[in-house]
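S.K.: Okay, here's what each chain looks like letter by letter:
Protein chains: 2
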Amino acid sequence: TDPTVAQAAREHQDRLTKPRGSLGQLEDVSVRLAALAAVVPAPVPATPAVAVFVGDHGVHAQGVSPWPREVTGQMVANFLAGGAVVNALARQVGATVRVVDVGMSPEAAAVVAAAPGLDRRSVRAGTGDITVEPAMSRAEALAAIAAGAAVAEGLLAEGHDLLVTGDMGIANTTPSAALVAALLGADPAAVTGRGTGIDDATLAHKVDVVSRAVGRATADGVTADDPLGVLAAVGGVEHAATVGYLLAAAAAQVPVVLDGVIACSSALVAARLAPAARAAMFAGHRSVEPGASAALAALDLVPLLDLGMRLGEGSGGVLAVPVIQAAARVLAEVATFDGAGVTDKTAGQE
Amino acid sequence: TDPTVAQAAREHQDRLTKPRGSLGQLEDVSVRLAALAAVVPAPVPATPAVAVFVGDHGVHAQGVSPWPREVTGQMVANFLAGGAVVNALARQVGATVRVVDVGMSPEAAAVVAAAPGLDRRSVRAGTGDITVEPAMSRAEALAAIAAGAAVAEGLLAEGHDLLVTGDMGIANTTPSAALVAALLGADPAAVTGRGTGIDDATLAHKVDVVSRAVGRATADGVTADDPLGVLAAVGGVEHAATVGYLLAAAAAQVPVVLDGVIACSSALVAARLAPAARAAMFAGHRSVEPGASAALAALDLVPLLDLGMRLGEGSGGVLAVPVIQAAARVLAEVATFDGAGVTDKTAGQE
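Chains as they are written, first to last, in our numbering: chain B, 1 to 350; chain F, 1 to 350.
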């Protein structure tokens, strides 16, 4: 992004009829949106869309989640029927929900085999168990990245101007933690969380599973400076699709809101592959999952909401859409001191 | 509010297709909304409105703000023209903006003397300088409370189902801090902030001004167990109007979103006058002003947003409207495990 545009946006923000800095993070968001769009003010996003990428995980066999694998498919049916939380939140903010199978297990896929409305782009029927084998091959990771990018490009072609990440996949906080641990060199215990709400014993076991997965990848010769290799080794198909989705949004200079730890761990991969992609990323909220906060810190992104949420589906990202829109709208619509005839106490001072 | 309704709302929330507790504060908001409306689920608020109560402050003469008094009137003109931040944010969330003069100074009023659209309910032309005299008489405080209540009742009669507090009044963070200090017995230095952004020297002076105001009120025999007396002694006319607005919303069992320190200090007064009024209050955001956090803590209200905002006008309250709506919508619209055929891992466990 162009620093002169960011500077111009900041200067315009400082001429608006309000004390300078008084909108806090909203001002920073408005400046980043302008820099991304390369125009001051940036257009106000009007037609958001959330893509829910769905995958299953071989590591589920290790007992990292109390939820049965079939729930992935049942929840996809729920999304398609409009009955899940992400659907309700999307209706609230006027967002379109796109549900995309990129890696469901055969059992999960069977639940929605005949369902209309599912975007079927399966790259692989669930990942390998990352404690004993790679999640997927590099070629599969690339295919999933391409699938995610195609979804973003399709949404943009339909006129959507603000994208949100979403995900579904029982056990998918485990590969998320493994991605963060592997890419940041972080202690698995520091970046592994309770997911849907596991107890202390299961959490300790999950930390061990993440450690084994990262150790297994390292033993296979995968290093942190090889983000595609890490993604294939310990990630998930929905993570790979999210990486492509983020890269495509960034390439189109369209803002993309990150939801929780699946998105944040995928964003780490995307930013390692293409550092400029960070400019399009906005952190919707601070998930309870510690890996999300670790990834956001590494990306130098400040979350907009902090409501103690840990659902996924895109819920926290969708809920942040009005905040992003509001930030853009302030820069686009608020009168200046000169224009409104309001005395500016700080003219020439600050 | 009826605890059995809150319990029924919590039980319904726990049957929705998501891990229990995974929506964090949204779940608590949905339960409080149901308890307030006395029905599960509560109706989803669809037609929000923000009332911007305007007043001036005799304590401005003490040099607590670098902004000239005339700015109060200029900003009212800006509100009426739709050019201020609160207007832009209200357009984003579909809220009506009502601008109400309850206590503008003659100089400020002159700026908008002929302006259409201003709701003229002036009780007093600016307050007294609270360092040397009461802000207003008890009768004036009561009249302003009645004016604020009438504004709320009018908005409700027009069909608005979610109210937001707003304010305008150069220097009005000073009486806000004085109200919090007097009602909570707090150290003025702990509850006085930088308002629009004053420097260290002016902040130290402002703390002294607040201390003198509270000391003057105490010397006049006003005690913390007399909330109307404290309001008249060290408050503002817009604070008094906000108290009435909050009480009327609570009486109608309609949720009302608090903006920043003006609203939070007024909410303390309202809750002292009528403890049950707290049930209708939702803290829109955590203002940078320390008095806001102190008041919210005393009210046991958790803010929904924390974006480093300190503008007032109702901006932080309006920005929280979609979060409140989203919380209500989740409880109203999300499918249950039974209804959606999703396996519930926690059935009978938690």
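Among these hints, one or two may not hold up.
A pair holds if it fits inside one copy or across any two, identical chains being indistinguishable in the list.
[As the list claims (entries may be wrong)] Under the rule of at most 20 angstroms between Cα atoms (straight-line distance), these lysine to any residue pairs were calculated in the SDA-like manner: (1) K345 to A219; (2) K345 to A186; (3) K345 to A297; (4) K345 to L228; (5) K345 to E70; (6) K345 to A251; (7) K345 to G221; (8) K345 to I198; (9) K345 to D14; (10) K345 to R91; (11) K345 to T4; (12) K345 to A139; (13) K345 to L203; (14) K345 to D187.
The hints are simulated quantities; they were obtained by calculation from the structure and are not laboratory data.
S.K.: If a hint holds in the structure, say so; if it doesn't, say that too.
M.R.: Hint by hint, here is what the structure shows:
no.: 1; hint: K345 to A219; result: neither (63 angstroms within a copy, 35 angstroms between copies)
no.: 2; hint: K345 to A186; result: neither (48 angstroms within a copy, 31 angstroms between copies)
no.: 3; hint: K345 to A297; result: neither (36 angstroms within a copy, 33 angstroms between copies)
no.: 4; hint: K345 to L228; result: neither (53 angstroms within a copy, 34 angstroms between copies)
no.: 5; hint: K345 to E70; result: between (62 angstroms within a copy, 11 angstroms between copies)
no.: 6; hint: K345 to A251; result: neither (41 angstroms within a copy, 41 angstroms between copies)
no.: 7; hint: K345 to G221; result: neither (61 angstroms within a copy, 38 angstroms between copies)
no.: 8; hint: K345 to I198; result: between (54 angstroms within a copy, 11 angstroms between copies)
no.: 9; hint: K345 to D14; result: within (12 angstroms within a copy, 52 angstroms between copies)
no.: 10; hint: K345 to R91; result: neither (42 angstroms within a copy, 27 angstroms between copies)
no.: 11; hint: K345 to T4; result: neither (26 angstroms within a copy, 53 angstroms between copies)
no.: 12; hint: K345 to A139; result: neither (60 angstroms within a copy, 35 angstroms between copies)
no.: 13; hint: K345 to L203; result: between (55 angstroms within a copy, 17 angstroms between copies)
no.: 14; hint: K345 to D187; result: neither (50 angstroms within a copy, 29 angstroms between copies)
When held up to the earlier numbered hints, the structure conflicts with 1, 2, 3, 4, 6, 7, 10, 11, 12 and 14 and fits the remainder.
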